[in-house]
Amino acid sequence: MKGEKMIAGRPLARGWLRSNTTTIGPILAAVAIIAVFQVINPDFLSYNGLITLVYAMSYFLIAACGLTFVIMTGSFDFSVVSVLKLAALLSVLYVDRLGLWVVPLALLVSVGFGFINGLFVAKFKVPSFMATLGVSVVVEGIALYLSKGFLHVINNETFRALATTFIAGLPSIFYWAMGIWILSTFIALVTPFGRRIYAVGGNPISAGLSGINVAWYRIYVFMLSGLFAGLAGVLYMANWGGGSMELGADAAIPLFASVVAGGTALTGGVGGPHRTLLGVIIITWIQAGMFMLAVGRDIQVVTFGLIALVMSIATIDWRRITIIK
Amino acid sequence: MTTLARSRPITTAITQTLKTHPVILALIALFLLFSALYPERFLGPLNFSTILRQFVTLILFALGPSIVIVTGSLDLSYVGIYMLGSVLVWLLTPILGLVSIVVILHLEVATGFLIGVIQVKARIPSFILTLSLLVIYSGLTAYLAGGYPRSVKGYEFITATLIPNLPTAFLWSIPIIAAAVFIMKGTRIGTYLSAIGSNEEGARLAGINVDRYKILAFTLSGLFTGIGSIILFQHHGGSATVELNLNTMVWPLLAIVLGGTSLMGGSGGPQRTILGALTFTVVNRGLVLALLNPEAVQLLLGLLLIVSIVVSSRGLKGVTVT
Amino acid sequence: MATPMDCALLEVKGVSKTFDGVVRALDDVTISVHQNEIVGVVGENGAGKSTLMKILVGVYTPDKGELYCGGKQVPFPKNPKEAAIRGISTVYQEKGVIPLLRVYQFLLLGHEDKYVKFSRLQTDRMKKQAREILEELHVKCDVESYMYELPLSTQKMVEIVRAILSVRLAQGDDHMMSIIILDEPTAPLTIEERRELFGDLLEMKKNASFIFVSHIIPEVMEFTDRVHVLRDGKLVAQYDLSKEKITEKDLFRAIVGRESLETIYKAEDKRVVSEELVLTAKDLTKQGCYYDVSFDLHKGECLGIFGPAGSGKSEIIKTIAGLVSFEEGDLTVKGQKVKADELPHARLGKGIGYFSGETGKELFLNWPIAKNISLVNIEKIVRKPMPVISFDAEKKMTERVMAKLRIKAPSANTDCFSLSGGNKQKVSVGKWVERTPAILLLEDPTIGIDVGARADIYETILEMQKNGISMILVSDDPKEYSVLCDKIMYIKEGRMQRVFSPEEFGEVTKA
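Heads up: the sequence lines are chains A, B and C, in that order. Read left to right, the first sequence gives residues 1 to 325 (the working numbering). Read left to right, the second sequence gives residues 1 to 322 (the working numbering). Read left to right, the third sequence gives residues 1 to 511 (the working numbering).
Think of the hints as simulated: they come from the structure by calculation, not from any bench. In this text the structure is predicted, and so the values were computed from the model without any measurement. Hints may contain errors.
To be verified - Think about it this way: if two alpha-carbon atoms lie no more than 25 Å apart in a straight line, the pair counts; the simulated PhoX-like pairs of lysine-lysine are:
1) C:K127 to B:K185
2) A:K123 to C:K361
3) A:K125 to C:K95
4) C:K337 to C:K487
5) C:K299 to C:K466
Same shape as in the complex, but just chain A (with noise of 0.2 Å):
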């Protein structure tokens, strides 16, 4: 309709600052983080500190990293936690009996159900919330069934030397992440896949008129969440040695929040792995923060709960979305 066309000046401007906005914002955060805590306790940027934070963040990124993908298809994917926390305890139970072969094990599993996840949004056309909430209902089932509540601890050191490792002054479960990372970056920029995924979270239909299988996108990306899920899980196990996992289901907003205050919107095709980092620091060092000022479990909750909130709308690109449920 003539009444729609619009001055090139205009939309020009706005989408300039926007765009700016996503990736300006995030930067100022992570340093405006570190100063903050830095000046509250001086030791925050030291080795110690560092490392303290080196750990909690590494397999966090992992993890995120693959719940980036899912999220730049316009998808939601919930059942990260549960299959990090499955392959977690898949290598607490067999690793005396399979010794390392318990990692391709438990990534199997997590890609499994990746790929259960893929199928249900993709061919089922189950919106992907419920579909991964479902999931995960399964797994956490799965491994509170296998785990039957008993704490576990871990006496295979091959094992446990996958994350622990010390290289250069810092661990190997820090290589892992930072490795998964490139790879993800490496994937979403400069691949052809990468470039398809973009495309299927940016306008579904094109990308099949431009001869991209979306349905199989779509599997493929929650695949890739899923192993990232359980890698995360099997490093995260490989480091701590044992024990009753910490996690709740709380633990997927956090997740989440970095993901979204990295710059990668919910609406999908825009963003990427590359920002997840700057979501992952910000959040694993307001993490750190407040447990060094001694703010309890509680209220770190509320807090992530609430950049999840604001991210959210921070990221939405309006222009493509006019109906939200």
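Chain A is fixed; fit chains B and C onto it per the hints.
Below, chains B and C without anything else, positioned relative to chain A:
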């Protein structure tokens, strides 16, 4: 379009109801199955009252969200509201006395209203909004409670036993359920919410103030959860919980889906959720009696959730789902 | 046809409306509606029909103009409720129906306050009222059915009844008149359903007047009493079909305007089309859309499928693209039979590309030009053997395309939403220039763009044809067919009528 014979109205009414509510058949079948397998335990008075107890918990959590789901949105905040409300009662009872229980109500209505306003004005997908709120409230609860479950004395009269083996809470729940069903089926609110869920743009074109009714839906959800919380608070022994349990959050959703309310909105509602909650409870009890292993039960219920979600989504062909 | 009263029921005089101070949607337009009349308002997309209707219904306020109801001047309505009190109501083109409501609920939606007692809905009274009005207006359906259970034409009829009822209820006892605006009512209907709809509408003329907004010429010719033609916001013609003898061609020319019939590009010498068959359609059928469509497409050939809006041409081309599935018949591509329910990406794998001029849906607007062009050509810019995109190759590809099509933009990395309409369309075409599919489907390729951009696009398309790309074209502009096609198939109501050569076609669509 209906070509049923008009000569036998009762039979046709029953057949029609069964067709549109297939879950009734499932319910009857399961009931018979478990009765046959475990006659003493299943049909005994203890089991009966347990079923009713579970039913009450489920339905009082599920009524509110089932109203919101009809509009096509999701409301996951109910557990959070309940938890925060309970903790506030614990905090305020020493100061305000028994009146504090009404505080829950105000909190929950206000929360519902707030959620509605944010959803409509800021346009965030409701699942993330209510999930975040759930998390925030659970955090606040733990903070206020100092990390431990707290119990409150003085409200026992709410659930004092009136009829043996019949939980009083169940009696309380009857008028609450009736009110919800009345609002959704007997007033135009239900029609409007259904319209919004079925075709939001069409509803707007028809002159319905969509924003206002969406906010109303969330506020009603808060209201019903609030009233339900008052009952449930004592039903659960008068203590405030601080643990966020995935199951507590998910089972009411399962009750809603089982009942036949569509996830995309436009149909169903509290009246269907009653059936869903009943079916869920029967299944749960039956499985517990059969397997006695809580983990296995949870697993099977999880599978049931997935299956019913898939079946419920089958009406969505041609829609691009993300 | 009923004799119009001396005094018009409704008249808008000299209405003008400008958006954002720049876009003049309406310029001094006057239309009138008389008692028991069906008045047509026709024009191309963007001509101003929709804006005018929205003004009548109270969604927009005009900058200038006067409104007369029954001869008396009244202020323009400020919202749909006020419009209903004046007697004006709209039935929307799409999204007007609420599928999960029952008929009586939908009919009375928004008016429940008249059927409420102590906030309890009196559903029996509602159903009774629903039955009464449906009977009065001769619409047969069960008030208890869900809207989605009704056939589409009945749904449309119920929408119309609802509009009439709204007006009656709004006016109450002062009920004077009902004017119902029908906005492209037949768009979602099948051919049979349209016949039914028009039959019912003619019956309803006794109870209300209608404004029929459309661009389907045959329907307008057959069912309206008078027609107003809008073009570029101005009223360019007005015909009284009961008095004047107008042909479809006359109406067509009024809508499209003499200017666009000028030759803007001279077709080259007749291209030599090869003997090789690339695509064969045999008896393709989809109930309600098209029947027994058969044609052959040779290498390098361009087939045009022409017909009025709603003839099925859009569905046919979308079927070949994979966006719509056919029910019966065979489709063979390069000798291989193709499955009916294949998805577009699979069709692309077989060599069939599709694009439409609706760039809003076609392009990734928040992506730069380079990414839009390279997405479908990803294989070409991959730095083998690694699965890595070569940004250098991507840039070169984009610059090539931009040069060839004369796309005016600061750089290959400019985001598409900031481009003008013509440039956006060029990007759409451009990606196919690189891809060189065996068969390219074009739907409305140059809709709404200026002459210069159009010429550039035509030039490129013709060159692609010379290079052996076969094409199928669907468009609303007959000139386009003459320029681009080797043969043109005329479709009416879903069935093939005859095949023209470009010269014959040019003759037929001229004066």
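Results of checking the hints against the structure:
no.	hint	verdict
1	C:K127 to B:K185	15 Å, holds
2	A:K123 to C:K361	24 Å, holds
3	A:K125 to C:K95	22 Å, holds
4	C:K337 to C:K487	24 Å, holds
5	C:K299 to C:K466	10 Å, holds
When each numbered hint is compared with the structure, no violation occurs for any of them.
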